[in-house]
Amino acid sequence: MAPRAGLASLRRHPLLTAFGLLTLAIAVLVLLWDWNWFRGPVERFVERRTGRTIEIAGDLDVDLGWVPTISADDVTFGNAAWSKQPTMARAQRIEFDVELRPLFSRDVRIPSIRLDRPVLNLEVGPNRVGNWRFGEPGGMEPEFRRLAINQGKLAFLDAGRKTDIKLDVSSERNGKRGEAIPIEVSGGGRWQGNRFTVKGRAESPLALRDRDSPYRIDARASAGATHAHARGTLLDPLRLRDFDLKLALRGKDMEDLYPLIGIVTPPTPPYALDGRLTRDIDGGRTVWRYDGFTGTVGDSDLAGSAAVTTGGPRPFLRANLVSKRLDFDDLAGFIGKAPRAGGSETTNPELAAKAAREQASARVLPDTPYKLDRLRAMDADVRLKAQRINAPSLPLDDMDAHLFIDAGVLRLDPLNFGVAGGNVRSTIRMDARESPIRTRARIAARGLELSQLLPNVELARDAVGRVGGDIALTGNGNSIARMLATSDGDVALGMGRGQISNLLMELAGLDIAEALKFLLTKDRKVPVRCAFGDFSVRDGVMTSRALAFDTSDTIIVGNGTVDLRDETLDLRLRPRPKDRSLFAFRSPLLLDGTFKDPRFRPDLKRVGLRGAIALTLANIAPPAALLATIELGPGKDSNCGGRYAE
Numbered sequence: 001m002a003p004r005a006g007l008a009s010l011r012r013h014p015l016l017t018a019f020g021l022l023t024l025a026i027a028v029l030v031l032l033w034d035w036n037w038f039r040g041p042v043e044r045f046v047e048r049r050t051g052r053t054i055e056i057a058g059d060l061d062v063d064l065g066w067v068p069t070i071s072a073d074d075v076t077f078g079n080a081a082w083s084k085q086p087t088m089a090r091a092q093r094i095e096f097d098v099e100l101r102p103l104f105s106r107d108v109r110i111p112s113i114r115l116d117r118p119v120l121n122l123e124v125g126p127n128r129v130g131n132w133r134f135g136e137p138g139g140m141e142p143e144f145r146r147l148a149i150n151q152g153k154l155a156f157l158d159a160g161r162k163t164d165i166k167l168d169v170s171s172e173r174n175g176k177r178g179e180a181i182p183i184e185v186s187g188g189g190r191w192q193g194n195r196f197t198v199k200g201r202a203e204s205p206l207a208l209r210d211r212d213s214p215y216r217i218d219a220r221a222s223a224g225a226t227h228a229h230a231r232g233t234l235l236d237p238l239r240l241r242d243f244d245l246k247l248a249l250r251g252k253d254m255e256d257l258y259p260l261i262g263i264v265t266p267p268t269p270p271y272a273l274d275g276r277l278t279r280d281i282d283g284g285r286t287v288w289r290y291d292g293f294t295g296t297v298g299d300s301d302l303a304g305s306a307a308v309t310t311g312g313p314r315p316f317l318r319a320n321l322v323s324k325r326l327d328f329d330d331l332a333g334f335i336g337k338a339p340r341a342g343g344s345e346t347t348n349p350e351l352a353a354k355a356a357r358e359q360a361s362a363r364v365l366p367d368t369p370y371k372l373d374r375l376r377a378m379d380a381d382v383r384l385k386a387q388r389i390n391a392p393s394l395p396l397d398d399m400d401a402h403l404f405i406d407a408g409v410l411r412l413d414p415l416n417f418g419v420a421g422g423n424v425r426s427t428i429r430m431d432a433r434e435s436p437i438r439t440r441a442r443i444a445a446r447g448l449e450l451s452q453l454l455p456n457v458e459l460a461r462d463a464v465g466r467v468g469g470d471i472a473l474t475g476n477g478n479s480i481a482r483m484l485a486t487s488d489g490d491v492a493l494g495m496g497r498g499q500i501s502n503l504l505m506e507l508a509g510l511d512i513a514e515a516l517k518f519l520l521t522k523d524r525k526v527p528v529r530c531a532f533g534d535f536s537v538r539d540g541v542m543t544s545r546a547l548a549f550d551t552s553d554t555i556i557v558g559n560g561t562v563d564l565r566d567e568t569l570d571l572r573l574r575p576r577p578k579d580r581s582l583f584a585f586r587s588p589l590l591l592d593g594t595f596k597d598p599r600f601r602p603d604l605k606r607v608g609l610r611g612a613i614a615l616t617l618a619n620i621a622p623p624a625a626l627l628a629t630i631e632l633g634p635g636k637d638s639n640c641g642g643r644y645a646e
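Just so we're aligned: 172 in the numbering used here is position 172 of the sequence shown, and the numbers increase by one with no gaps anywhere.
The set of hints was computed from the structure by calculation and includes no laboratory data. Take these hints with a grain of salt, some might be off.
Unchecked claim - Restricting the straight-line Cα-Cα distance to at most 16 angstroms, the calculated cross-link-like pairs of lysine to aspartate or glutamate (EDC-like) are: (1) K252 to D280; (2) K596 to D566; (3) K371 to E434; (4) K385 to D301; (5) K371 to D431; (6) K596 to D367; (7) K324 to D299; (8) K371 to D256; (9) K596 to D570; (10) K84 to D158; (11) K252 to D299; (12) K385 to D400; (13) K252 to D367; (14) K199 to D168; (15) K324 to D400; (16) K153 to E184.
Let the hints inform the model, and build the full structure from the sequences given.
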């Protein structure tokens, strides 16, 4: 009777009966349901959309609610068919939330995604196509709001450009709830074949999608002895546009920048610069700008702006540089020498070793070859102005240099120095399109004060006179030494009227009696009529055409050669005092030896031979081309040489 009564009761209440059965069915379904049943359909769906395999080897689970949480363990995503690495991405666990209501309007909102031990392998393959390019464009794009990464790893491989980078990536632990969590990055690898390390902090990768909001970074990278610190914002970083960073660069040698970023510089002492880095893209050309930078190179300060344009036949560097105080030997790398080392001089171990070798060498002229591939690798338009120059052994005041490089042809036009109260103006052209380099130099000196040219000569400190002249040389060679060793041209230097220590002239004339007299009493100044040297240069040998120094007391005439090939001197100077001192030697003076170790001595073999100093007036006439560069002035003594008897 009881079963019949129960059935009757169910018939009397069909709705309640249906609800009860549905509730029972749901309870049984919940108790028996396994979300892993959906692993296969999910894997097939992703493969159809992306063309890549995906495998969920662990559990797939869903916590239901208006914002359900979906989690999957041990997930692997396949790589491009051309890659040797079968896996593009994997994670020990993926967990993300999905808002249900926006799905009805075909919007996919992921308020939070959490990745545990994810690994992402990015790679550039054939035809410069990345393995992150897959599937068909279009469809619904999910909107991510918060990403948390625990012990992630990112790898990037570009074998064609010798780049292999591996990074550890994790979200900051103190990220604020509801906000995108910044990430911390560390690692390194090879960039264009050069080892480097990097460590820094950046906004959440999700912020990369917001092109209207700056993406902030603060990162430090090192490649060998080169160190960079970038901090600031990237606008639209996914397309690498609109950089706005403060970038500090420092290293032991600016020449190390060439393999890293393609900028060609000569060897330099250690440097440290800090400025603003931006990037503009115009069609196929990209311009990197380094504006308002300040810093030091060696013992010199340096400031200015620079821009590098890529996308043409060669990178093009345009720079406007200023130094308030330039330590002149910091420019030694431009001519193939090393800056001074020791004491308080700033240098690096390699340049210090090179300076030691140069000091021990018997040669003076720089013989380090220029690197032809680098002279041809970049075009340039660089202006450098130095307001003050520190050069203890040289009377340099300031400098204005304008460097051009165009398809392997280098020009310095102008290369001007303020020297000893006057100026030296030069134009230099080096054609490196073929080897050896073909060089042409034109140098003009005007108004150089004699006393400033000889600051370390006590007897010349009160000298008066202005020096001028012209140098025109052409030569073939891949170093300064080889260029000069093959050079042809002309060298002419001269001085007009002035005055000089009589003691100096008496010593030059080897008049012992007069020299002793001035040493024991008081020196006096004697007028200088002129001084000049005129040389022809053929195949690296300077041969005198005219060489003389004429004062009211003494005439010195000379001849001989200066060999630029083996750096030797062979000059004979014949002094003749104009007084009749019995103690005046009648011997020539010899200037010989090497550039490194010159010797100035009397030719004792010819002492007393009056015929050895017989002079003709024609021998002491200055060349006509030199007259325009020196100030002879009016008056009787302006006649340079004149009648010897006068």
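| Pairwise hint evaluation, D400 against K385, where the allowed Cα distance is 16 angstroms at most | holds, 5 angstroms
| message | Run the distance test for K84 versus D158: straight-line Cα separation, threshold 16 angstroms. | response | Within the cut-off at roughly 13 angstroms; holds.
| message | Given the hinted pair K385 and D301, is their Cα-Cα distance within 16 angstroms? | response | OK: K385 and D301 at ~12 angstroms, within 16 angstroms.
| query | Given the proposed pairing of K324 with D400, does the C-alpha separation stay at or below 16 angstroms? | reply | holds, 12 angstroms
| message | Hinted pair, alpha-carbon criterion (16 angstroms max): K252, D367. Please report holds or violated. | response | violated, 23 angstroms
| task | Take the C-alpha atoms of K371 and E434, compute the straight-line distance between them, and say whether it is at most 16 angstroms. | result | Distance of about 12 angstroms is within 16 angstroms: holds.
| message | Run the distance test for K596 versus D367: straight-line Cα separation, threshold 16 angstroms. | response | Given that 16 angstroms is the threshold and the Cα spacing comes to 14 angstroms, the pair holds.
| When you check the alpha-carbon spacing of K199 and D168, does it fall within 16 angstroms? | Within the cut-off at roughly 9 angstroms; holds.
| request: Starting from K252, check that the Cα of D299 is at most 16 angstroms away, please. | output: Since the Cα atoms of K252 and D299 sit roughly 13 angstroms apart, the hinted pair holds (cutoff 16 angstroms).
| Can the restraint linking K153 and E184 be considered satisfied, given a maximum Cα separation of 16 angstroms? | holds, 11 angstroms
| Within 16 angstroms, alpha carbon to alpha carbon, are K252 and D280? | Given pair K252, D280 is violated - Cα atoms ~29 angstroms apart, limit 16 angstroms.
| query | Does K596 pair with D566 here, judged by a C-alpha cut-off of 16 angstroms? | reply | Judged against 16 angstroms, a Cα distance of about 11 angstroms means the pair holds.
Of the numbered hints given earlier, the model fails hints 1 and 13; all others are met.
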